[in-house]
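Protein chains: 4
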Amino acid sequence: MALTQAQQAELTEAQAARHETRRATVPALEAMLFTPIPVLDHGFVRVVDYMGDDGAVVQSARVSYGRGTKAANEDRGLIRYLMRHRHSTPFEMCEIKYHVKLPIFVARQWIRHRTANVNEYSARYSVMDREFYIPAPEQLAAQSASNRQGRGDVLQGAEAEEVLRLLREDAARNYDHYAWMLNEDEAGNVQDESRSGLARELARMNLTLNAYTQWYWKTDLHNLLHFLSLRADAHAQYEIRVYAEAMLKIVQAWVPHSYEAFADYRMGAVTLSAQMLAIVKRMLAGEGVTQETSGLSKREWRELMETLGRAA
Amino acid sequence: MALTQAQQAELTEAQAARHETRRATVPALEAMLFTPIPVLDHGFVRVVDYMGDDGAVVQSARVSYGRGTKAANEDRGLIRYLMRHRHSTPFEMCEIKYHVKLPIFVARQWIRHRTANVNEYSARYSVMDREFYIPAPEQLAAQSASNRQGRGDVLQGAEAEEVLRLLREDAARNYDHYAWMLNEDEAGNVQDESRSGLARELARMNLTLNAYTQWYWKTDLHNLLHFLSLRADAHAQYEIRVYAEAMLKIVQAWVPHSYEAFADYRMGAVTLSAQMLAIVKRMLAGEGVTQETSGLSKREWRELMETLGRAA
Amino acid sequence: MALTQAQQAELTEAQAARHETRRATVPALEAMLFTPIPVLDHGFVRVVDYMGDDGAVVQSARVSYGRGTKAANEDRGLIRYLMRHRHSTPFEMCEIKYHVKLPIFVARQWIRHRTANVNEYSARYSVMDREFYIPAPEQLAAQSASNRQGRGDVLQGAEAEEVLRLLREDAARNYDHYAWMLNEDEAGNVQDESRSGLARELARMNLTLNAYTQWYWKTDLHNLLHFLSLRADAHAQYEIRVYAEAMLKIVQAWVPHSYEAFADYRMGAVTLSAQMLAIVKRMLAGEGVTQETSGLSKREWRELMETLGRAA
Amino acid sequence: MALTQAQQAELTEAQAARHETRRATVPALEAMLFTPIPVLDHGFVRVVDYMGDDGAVVQSARVSYGRGTKAANEDRGLIRYLMRHRHSTPFEMCEIKYHVKLPIFVARQWIRHRTANVNEYSARYSVMDREFYIPAPEQLAAQSASNRQGRGDVLQGAEAEEVLRLLREDAARNYDHYAWMLNEDEAGNVQDESRSGLARELARMNLTLNAYTQWYWKTDLHNLLHFLSLRADAHAQYEIRVYAEAMLKIVQAWVPHSYEAFADYRMGAVTLSAQMLAIVKRMLAGEGVTQETSGLSKREWRELMETLGRAA
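Residue numbers (the working numbering), protein chains in the order written: chain Y, 9 to 320; chain L, 9 to 320; chain Z, 9 to 320; chain R, 9 to 320.
Heads up, a few of these hints could be off.
Stated by the list, open to error - Calculated lysine-lysine pairs in the DSSO-like style (CA-CA distance at most 30 Å, straight line):
no., chain 1, residue 1, chain 2, residue 2
1, L, K289, L, K306
2, Y, K289, Z, K257
3, R, K289, L, K289
4, Z, K306, Y, K306
5, Y, K257, Z, K289
Unchecked claim - Chain R side only, calculated, beta carbon under 8 Å to chain Y, not exhaustive:
no., residue
6, R26
7, A149
8, L174
9, G205
10, L215
Stated by the list, open to error - Partial list, derived from the structure: chain L residues whose beta carbon lies under 7 Å from chain R:
no., residue
11, A22
12, R26
13, Y273
14, A277
15, T279
16, S281
17, A282
Calculated directly from the structure, the hints in this document are not laboratory data.
Computed from a prediction, not measured in an experiment: that's the story for all the values here.
Where a beta carbon is used, it is the ideal one built from N, C-alpha and C, also for glycine.
Using the sequences and the accompanying hints, generate a full structural model.
Encoded structure:
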């Protein structure tokens with residue numbers, strides 16, 4: 009995440025600025041503005057702007073003229089009620105805008121969330137940075153044996169070394185060839201006057217999927233929490249989960265009541281199917297239910313036992 | 009648009025508040041915050057919050073670290089370019105939230121624009137205000153003879169008087185019966201202890217479509233401009249157009265460059281079909297084209313002549 | 009739900025038509041096409057068209073060239089897995105289009121679901137039907153004492169009779185005045201040559217919220233199920249729930265595996281918060297948890313006890 | 009676009025199937041079902057399913073019980089009116105689903121259109137095909153000198169050969185390393201028992217952006233036409249434009265009236281800004297307007313002259 013001097017200067021200037029506003033402000037979030045939070049080896053998340061706070065959720069739920077109640081405790085209770093009963097529209101009244109630097113293969117997962125506004129750095133228009141994601145050794149996992157889309161044990165020894173070498177060399181070589189085909193450097197200076205250079209929109213196809221891109225990404229609090237519930241989840245791929253975790257910390261600073269309700273009623277919550285609920289009732293009534301007597305498939309039985317913290 | 013004393017006090021308090029922020033602020037819009045702009049006889053539009061400014065459009069188009077350029081003129085040029093070539097995503101990076109009071113039949117048109125966040129006052133939960141829209145006499149138009157969904161001449165004399173009387177009496181009577189069925193007043197006080205009172209979610213069905221409702225409505229600048237291009241248009245129904253016009257003034261204060269580009273390239277622009285363009289070329293080449301030689305239907309020919317400011 | 013002779017003739021003709029197609033077809037749903045299912049006193053739901061079936065969900069989840077597997081059992085298992093783990097995109101690959109006749113106050117709730125395509129009958133363009141929803145006596149409920157947006161006991165005796173009389177008379181009178189203001193009948197015949205008649209877009213404001221409107225409503229299976237999970241829920245207002253229930257029967261005929269998975273993992277499922285789950289674990293471990301020792305609010309405790317089928 | 013024998017067999021079987029339906033069918037589109045249209049060197053577009061036809065647009069615009077009118081000519085006129093006046097909702101009533109094979113860098117542009125349903129082949133779950141897009145020599149263009157995101161002259165001689173060699177070798181080498189890291193072939197057979205193999209979700213990052221992916225993509229006719237108006241446009245990148253052109257031919261077979269109206273009022277239409285329209289009026293009045301007297305920037309003047317087919 010090496011910012012150029014010019015970029016660093018712009019951020020420093022923005023951080024120093026102070027304006028007067030009548031809008032709701034959140035000091036804890038203001039303190040984080042314009043400060044990139046490092047993610048992975050070259051990526052970051054930084055908050056560029058925001059609108060609203062916990063009070064805006066309350067205000068909107070009541071369609072009131074004021075901002076939340078005097079009694080902060082009532083606000084908290086209402087927010088928890090709204091979250092528990094999935095009243096989503098009041099949470100749509102807060103908005104946040106991030107600037108994110110991320111590997112292309114992560115961007116491709118991320119963009120599947122459609123209810124957001126996005127402006128991505130254009131490789132048709134500009135030259136891409138020479139930066140690629142190379143996993144840390146402890147992230148170099150084998151394919152999971154049990155889960156078709158998960159990770160297993162960490163690779164060791166010669167195989168791990170060889171994988172890292174290939175990832176590094178292929179990304180670097182492909183970038184060098186990209187630059188050669190462009191016939192210009194990152195600043196746009198022509199390299200070899202005797203050549204034409206390939207159009208940027210074509211040359212980019214030689215880059216690898218771990219090349220870094222960046223974008224502005226803006227969404228409302230409800231859709232952000234939905235995104236985070238999927239991407240901060242243990243089943244999400246590690247490389248997107250670390251972004252989600254950084255964003256969760258930002259949410260906690262921004263709207264602490266909403267964050268707390270989200271942690272209790274979403275992230276920490278479990279859903280029991282009709283069949284699972286019936287089994288829990290039987291167990292509470294003292295029955296010794298087994299997989300065989302449960303009516304559940306082995307897979308679902310294992311999931312239920314995990315949920316209840318019991319040996320399958 | 010009679011606010012209660014409590015509502016007025018809340019707005020006055022919000023207006024007096026001053027916070028410090030590092031975010032982009034727009035003084036001209038700050039001055040309008042928390043001040044309802046009257047629309048129709050009892051409605052209003054007021055800005056509750058906003059995010060971003062013209063600089064945010066520029067910043068996003070460039071996916072840059074800074075905020076627009078030092079040269080305001082370059083920003084204006086870029087914004088005009090983006091608007092002309094329908095690059096919509098940078099305009100999605102600004103967000104605005106309104107509190108609107110409006111007749112239900114207007115709300116039903118408005119809600120058709122789906123790319124917005126809405127929180128409406130709930131008539132399942134609360135008692136509706138005793139306010140209805142009654143058109144001003146000069147708005148009491150006959151059905152247009154030429155346009156199946158437009159207005160013609162203004163009604164006159166006895167017919168106009170009778171229409172106004174009916175609108176007034178029916179709305180008032182239906183509200184009174186609504187209140188009687190609820191068996192509670194607006195403050196929730198039971199009226200007749202011997203009766204149960206009808207559920208609010210049922211009693212509301214007796215209200216007329218000119219009853220006023222209110223909502224928080226939040227959207228991004230691109231979708232707002234799309235909404236305004238349809239609803240501030242001369243073909244839009246007058247009762248929604250006046251809301252769009254009030255919102256256009258707010259846009260002008262908020263993002264003056266974007267507003268100017270919108271006025272030039274959208275509101276004031278015309279679209280010529282392939283056939284119309286061919287006719288304009290023939291006319292510019294000196295040919296005296298008539299409807300008969302144009303190949304256009306009479307209707308399209310009339311539309312083209314109007315566009316070009318010529319007699320059909 | 010009195011269809012005119014012309015409407016009935018069109019439906020009969022459509023029902024009789026047989027076309028040949030290579031697309032997936034669902035005989036059980038074909039049998040329901042063009043047959044309005046009555047809902048409330050004058051409303052209906054009817055399927056106009058559909059695309060895809062359970063096999064399309066499977067095909068899309070596998071991004072395969074074929075249609076589902078030969079082994080229907082494998083398809084069922086995959087669909088249940090997708091539903092359980094909230095993989096929503098395969099369910100978006102099926103689409104359905106309904107024609108619905110419904111009271112305006114129901115339409116106003118319904119339209120809040122934004123991820124759908126809608127074409128509503130235009131009261132700017134056409135004259136509305138003379139039909140209003142009047143609740144059946146057993147639906148004439150008082151406001152709930154415990155739930156701000158629910159219903160309590162059914163009204164009895166004189167109060168019930170008076171409410172029904174007011175609803176009937178006000179709707180009829182307002183419609184008659186609407187027709188008088190229009191100065192035309194439903195077929196568009198002018199009534200009184202000496203008057204101009206009020207524009208349709210204005211006259212409609214005199215109608216009551218229980219007047220019937222109609223629309224085409226089209227959405228994908230995932231968003232339809234989300235809609236149904238909210239509107240077929242016991243907390244939804246009765247007048248929209250009966251539409252949701254009619255649509256659920258259609259879903260069952262259309263995509264039986266998806267329907268079954270939805271019934272098990274959504275409609276019949278419960279969500280336990282982090283705190284609730286911890287309490288269930290304590291109870292399973294034999295601890296006698298009470299509201300006081302639970303750490304839950306009284307309200308949440310009551311909700312948990314209801315979920316578990318225990319006395320609070 | 010080499011389909012395996014198994015894939016070809018599945019398509020042949022699907023093509024041979026005939027079902028009976030009461031739904032609207034379009035024989036010209038039925039004939040295209042399950043037949044991949046080749047695009048680029050290894051890509052394709054094929055229609056998987058569809059819903060509705062031109063009659064469904066008319067039916068919906070009228071919210072009628074029947075299907076279009078008997079008079080096909082009236083349907084055509086109404087569809088042209090709807091397109092000209094941007095009444096978009098009736099066009100949302102038709103739906104189509106494609107199966108598309110396309111290079112990843114094209115998929116990244118395509119996915120920016122958010123109003124669609126997508127199911128992409130998962131590289132977390134499955135092994136990617138060994139297929140990459142290599143431009144045909146006549147598509148190997150230099151960067152445009154005048155347009156920051158366009159193409160200029162075609163590369164020649166040694167530079168062209170070298171570019172093609174690099175693209176070919178880098179893609180192939182990176183794929184081979186991807187396969188080595190996976191330690192399994194496309195059929196999932198382990199290659200070297202002594203190694204663990206890297207997780208698929210990690211190994212994919214070594215692929216190049218011209219690797220082919222595939223997805224199911226489903227959208228409604230209105231949003232499809234919007235997508236096509238941008239991507240079949242001369243300013244769109246060639247590699248996505250060829251997909252759009254293949255899809256346009258499908259639209260023409262599917263909804264011929266809508267297609268014709270789209271060609272006339274969108275693809276072949278031009279938009280004149282308020283300033284441009286004023287200039288056209290001056291020219292029609294006989295004035296010899298020049299860039300200097302036009303008030304337009306040089307760039308906009310050039311655009312106007314091109315539109316009017318005049319020398320700048």
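_Numbers of the earlier hints that this structure fails to satisfy, in rising order_ = The structure breaks hints 4, 6, 11 and 12; every other hint is satisfied.
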